[in-house]
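Numbering (our numbering), first residue to last: 250 to 730.
Careful: at least some of the hints might be erroneous.
Derived DSS-like pairs: lysine-lysine, alpha-carbon spacing no greater than 30 Å straight-line [unchecked claim]: (1) K553 / K487; (2) K487 / K389; (3) K283 / K352; (4) K693 / K668.
It should be emphasised that the hints constitute simulated quantities derived from the structure, not laboratory data.
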Amino acid sequence: MTSFSSADLISMGRHIPTPFGISVETKQGTVELKIDSLLRTVPGKRLVALSTWQNRVVIVKIFISSNRWKRGMLKDIAGINRLKQGRIPSPNLLLQTTTSDKKAGVLIIEYLRQGASLATLFDEAKSEESKAEILEMGVKAVADCHQAGLWQNDSHLDNFMLCAGIVYVLDGADIKSKGSVLDINTRLKNLAMFLAQFPVSQDKHWRDLFDQYSQQAPGLTIDDAGDFAGKIIKARRKRLNAYERKLTRSTTANRCEQGTNFFYIYDRSIHSPELDRFIADPDSFIIEQQLLKDGNSSTVAMVKINERNYVLKRYNIKGFWHGISRAFRPSRAHHSWRNASVLEMLGVATAHPYLYLEERVFWLFRKRAYFLCEYIEGHDLGTAWEKQELEISENEIVALFRDLFKLMADYRISHGDMKATNFLLQDKELYVLDLDAMVRNRSKENFTEKFSKDLERFRKNWVGTSMEPEVETLLEEAAKY
Numbered sequence: 250m251t252s253f254s255s256a257d258l259i260s261m262g263r264h265i266p267t268p269f270g271i272s273v274e275t276k277q278g279t280v281e282l283k284i285d286s287l288l289r290t291v292p293g294k295r296l297v298a299l300s301t302w303q304n305r306v307v308i309v310k311i312f313i314s315s316n317r318w319k320r321g322m323l324k325d326i327a328g329i330n331r332l333k334q335g336r337i338p339s340p341n342l343l344l345q346t347t348t349s350d351k352k353a354g355v356l357i358i359e360y361l362r363q364g365a366s367l368a369t370l371f372d373e374a375k376s377e378e379s380k381a382e383i384l385e386m387g388v389k390a391v392a393d394c395h396q397a398g399l400w401q402n403d404s405h406l407d408n409f410m411l412c413a414g415i416v417y418v419l420d421g422a423d424i425k426s427k428g429s430v431l432d433i434n435t436r437l438k439n440l441a442m443f444l445a446q447f448p449v450s451q452d453k454h455w456r457d458l459f460d461q462y463s464q465q466a467p468g469l470t471i472d473d474a475g476d477f478a479g480k481i482i483k484a485r486r487k488r489l490n491a492y493e494r495k496l497t498r499s500t501t502a503n504r505c506e507q508g509t510n511f512f513y514i515y516d517r518s519i520h521s522p523e524l525d526r527f528i529a530d531p532d533s534f535i536i537e538q539q540l541l542k543d544g545n546s547s548t549v550a551m552v553k554i555n556e557r558n559y560v561l562k563r564y565n566i567k568g569f570w571h572g573i574s575r576a577f578r579p580s581r582a583h584h585s586w587r588n589a590s591v592l593e594m595l596g597v598a599t600a601h602p603y604l605y606l607e608e609r610v611f612w613l614f615r616k617r618a619y620f621l622c623e624y625i626e627g628h629d630l631g632t633a634w635e636k637q638e639l640e641i642s643e644n645e646i647v648a649l650f651r652d653l654f655k656l657m658a659d660y661r662i663s664h665g666d667m668k669a670t671n672f673l674l675q676d677k678e679l680y681v682l683d684l685d686a687m688v689r690n691r692s693k694e695n696f697t698e699k700f701s702k703d704l705e706r707f708r709k710n711w712v713g714t715s716m717e718p719e720v721e722t723l724l725e726e727a728a729k730y
């Protein structure tokens, strides 16, 4: 088994082979700790891993930041101690130590072998009722923390684990304390931030969850409940801002690479040697027979990578001056990647974004760009309507768009091209497509102007059809949002 120093772990970034050994100090002297697998890697800062210590499986946190590892480790320890002092269930700290070279900190923490994170349970839940139960567990845990004067700035379901009927709070590093029961404003903001991590479709449960929280942490009034839905929207906008900043760098989910003549980022789930070949020459994957659109500004084709179909959109440069105008701005592929990711976070169905790639000159100046996304079977809404292939009623279609327009208003999203062909219905779910003109507007004024244009374009789809009266009523409602 290969042994690594903290310097080795820093230099390898995310690409650390397991298993490996690391020398740590104990009361019995230096011990070689075998790291079996990595659960999380923050390059150059810390690792979270599984290991075996004293004949039991444990969690190992290794703090490797050259100048700040002590600060990071002490912050985690302080959080663990605060949870214990507040009598909040949390895994036990078994050992606090350093590597043998004294250049990294190591915490060995109890592993809840039979436990499952609330995030995993929520993702695997088969029904709305099951999801609601998991949300209640999370809300009750948040309430208990608040009663103990504790909170987490970025409270999410991965920070809670259910084991033997008890919800444990994880990640001591993010635990904050005021030393007493939190004030109402801090409590409401933190609860709203917790609920804002979920898709908008879950907001229908907010009142029940608010009541559950109030039973666990008394002191809230009817007035506090009155504007709480608005607090969730505000918190979710804040989460979206933070999320967007992560979309163009390497994360656990995505890999980003940049060179003198390229920039790309892709979903790690599709990494393969064939994807590497695609990145090196995406045009070679475009087959004339699979072209969906061959326009001047963009080329769209269905492509196959590892025997799986995707949609590839290439954004072309139409001429010299067009090239100059595009060189200094984020590409439309970038916009599609960001906007699809934002819609997914909000719970809006769209073609999943897998990759975007920009051709560049001297690192900075953009040329052509490519966007790779999920291929979804079926006709677009406009075509399906013309062919009378829709499987749901007109009332159901209007209801789906009513929900979409309300969400767009709440999060100030304008689409930019509301043709019926940019929507698709599948399994009674409305997919929103063609997102390169979508904008999440920063001001209400900009949103109102662009949203009005969206609604007017949407109206044109249904002029002279049986849907027109219902659409007119819908648009009158949407104009008031």
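Restraint check for K283 with K352, where alpha carbons must lie at most 30 Å apart = Holds - the C-alpha atoms of K352 and K283 are around 18 Å apart, at most 30 Å.
Quick one, are K553 and K487 close enough, alpha carbons at most 30 Å?
-> Not OK: K553 and K487 at ~37 Å, beyond 30 Å, violated.
Keeping to a limit of 30 Å between CA atoms, is the pair of K693 and K668 held or broken?
-> Holds - the C-alpha atoms of K668 and K693 are around 23 Å apart, at most 30 Å.
Measure nothing beyond the straight line between the CA atoms of K487 and K389; if it is 30 Å or shorter, mark the hint as holding.
-> Roughly 23 Å between the alpha carbons, so the hint for K487 and K389 holds.
Figure legend: structure checked against the earlier numbered hints; the only hint not met is number 1.
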